[in-house]
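A.B. asks: Now for the letters of each chain:
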Amino acid sequence: MSYFIARRLAGFLLTLWAVSVVVFAVMNVLPGDPALTILGIDSTEEARAALRARLGLDQPVVLRYLDWVAGALRGDFGTSFSFGVPVSGLIGERLPLTFSLALSGMVVTVILALVLGITAAARHGRPGDWGIMLLSQMGIAIPAFWLSMLLVLLFAVRLRWLPPGGFPGWGDPIAALRSLVLPTAALALVQSAVLARVTRSAALEVMRLDFVRTARASGFGSRHVLWRHVLPNALVPIVTIVGLQFAGLVTGTIVIENVFYLPGLGRLLFQSIANRDLITVQALVMLFATLVVTANFLVDIAYVIIDPRLRGARG
Amino acid sequence: MRERRLSPNLIIGAVLVALVCGVALLSVVWTPHPYAVIDVGGKFAPASAEHWLGTDQLGRDLVSQLMVAAGNSMMVALLAVGVGCVLGTAFGLLAAARGGWTEEAIMRVSDLGFAFPALLFAIMLAAAYGPSLSVVVVAIAFINIPIFARVSRAAANQVWHREYVYAARAAGMGRFAISRDHILPNIAAPVIVQATIEFAVSILTEAALSYLGLGAQPPAPSWGRMLSEAQTLMYLAPQLAIWPGLCIFTAVLGFGLLGDGLRDMTDPRLIRERRA
Chain A
45 MSYFIARRLA GFLLTLWAVS VVVFAVMNVL PGDPALTILG IDSTEEARAA
95 LRARLGLDQP VVLRYLDWVA GALRGDFGTS FSFGVPVSGL IGERLPLTFS
145 LALSGMVVTV ILALVLGITA AARHGRPGDW GIMLLSQMGI AIPAFWLSML
195 LVLLFAVRLR WLPPGGFPGW GDPIAALRSL VLPTAALALV QSAVLARVTR
245 SAALEVMRLD FVRTARASGF GSRHVLWRHV LPNALVPIVT IVGLQFAGLV
295 TGTIVIENVF YLPGLGRLLF QSIANRDLIT VQALVMLFAT LVVTANFLVD
345 IAYVIIDPRL RGARG
Chain B
412 MRERRLSPNL IIGAVLVALV CGVALLSVVW TPHPYAVIDV GGKFAPASAE
462 HWLGTDQLGR DLVSQLMVAA GNSMMVALLA VGVGCVLGTA FGLLAAARGG
512 WTEEAIMRVS DLGFAFPALL FAIMLAAAYG PSLSVVVVAI AFINIPIFAR
562 VSRAAANQVW HREYVYAARA AGMGRFAISR DHILPNIAAP VIVQATIEFA
612 VSILTEAALS YLGLGAQPPA PSWGRMLSEA QTLMYLAPQL AIWPGLCIFT
662 AVLGFGLLGD GLRDMTDPRL IRERRA
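Top to bottom, those sequences are chains A and B. Reading the first sequence from the start, the letters are residues 45 to 359 in the numbering used here. Reading the second sequence from the start, the letters are residues 412 to 687 in the numbering used here.
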């Protein structure tokens, strides 16, 4: 067990290191002169040289990389070029909103997907199953940003029940939550489409097994059997997809924040791109990639907790 | 005993794909109106015999724009998935043929690709190189390489254990020749299925990036960019927010269903199940 986790941990750290090299290389080595990118072609050579010195660009690349990593490990991502404040401060300011959106999106996704998937499995081959699968097929094909626009058209423009976008701040919790309803719905509806299908097929697989028949024969109600016997045994593929979908959740959050003008990390990323603030972009891309890699690592660990049989097999 | 009934998924998917590709091809030679002609006097025109779906905020014909956008979207997907598929499959074949540390190295490097969702990778490239459709193509192609490497290696490893491959090796055939003549034709099915699905993903990714302003640049029409322009006009002209989204939906649904249908048809495990 501990050998298994140690191996996974080593792989996780190695991946993080490789990701940091890729991010740094793309943002620093390939694109020519960042000072020119930031200041534009009208800038004078002196201004560019001064900026290069300020950004530490006159030092060797390897040294700059080590500097960046050492800083990042201490939580210091440098100073944002466009905002003039530490990047870590910017991230800290906007993290709660992104975190709330991602978390609520994830929770609603899982609840929706489990209910739909198990319901479909229980009605296997009947109209209920067919309808849920049709909905899920549509949910997979619909772009999250378009679904967001349709939700805004219906609930904000037509019915005027919810705000079309923006964020009033946490000072007014009711208004803050109201402004998160549509973004959460858009995120969860798209994400749960895939997960509902996986839940359904995983549940169907388990429902064929003998112990389910035994449970039924022992007189347990069908709902009890579904949620207490079938679901726990169908969790491995479900957790796998939840983990894989975390990447979708991260990119989904980036897109959705921009659709609804929510001042979170995704919005910050795009503002930074527009401002040519490469330092902030680099920190944010690294942060998002780290989240994805961490999620994959946690899924690997979660397998072992859900299914102890995998401990030997995967070590 | 031919029990390979075509699934409804496959048929609906094929029809939708044929429709989208047909429109995309047609847009190269013909559109109802030149797509970029601005007619400010005729802006926000409703659907009519002349403008089948009306006009946008600059009086441009919506149908013509949607058609050209279909062409752009297909072109991006074709290039990105094509490059990703060819390179990825080549790496997958190499990994399966060589085994040992070559295989290990290729698979570990491709694990790295899974740390970057395509959208995040494209955002990073766009930030460094400036937004354009070529950046979108490169980003999607890059992200597709590990996906195809993984699929083709898994499939190729199975084929390497078949009797006819042992026979070919015993007959003195080299690893490269075996990969080309025996492995590749036999892993084509899963690779094609994957390519169809990645086509759908690529259309979605391109649309999202163009919506965010990192893909197609004006005046090149793109479904995603048309939606981002429509968003600011949502109170004024809600119809503009409908059609481009419906196009994306149709194209993605078509390729998705086609991919599912092809997989059901070619996956031996599923075929056996159906016969049982």
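Hints are computed from structural coordinates only; laboratory data are not their basis. Computed from a predicted model, the values in this text were never measured in an experiment. Be aware that a few hints might be false.
Said to hold, decoys possible - Partial selection, computed: residues in chain A whose CB lies under 10 Å from chain B:
1) L53
2) L57
3) L60
4) A333
As the list claims (entries may be wrong) - Label-pair ranges, simulated between beta-carbon atoms:
5) B/A599 x A/G55: 44 to 52 Å
6) A/V280 x B/I422: 41 to 49 Å
7) B/W441 x A/P171: 51 to 59 Å
Beta carbons are placed, not taken as given, at the ideal position from N, Cα and C, and that holds for glycine.
A.B. asks: All the hints need checking, so say for each whether the structure fits it.
C.D. replies: Here's how the hints hold up against the structure:
no.	hint	result
1	L53	violated, 15 Å
2	L57	violated, 13 Å
3	L60	holds, 8 Å
4	A333	holds, 5 Å
5	B/A599 x A/G55: 44 to 52 Å	violated, 32 Å
6	A/V280 x B/I422: 41 to 49 Å	violated, 33 Å
7	B/W441 x A/P171: 51 to 59 Å	violated, 43 Å
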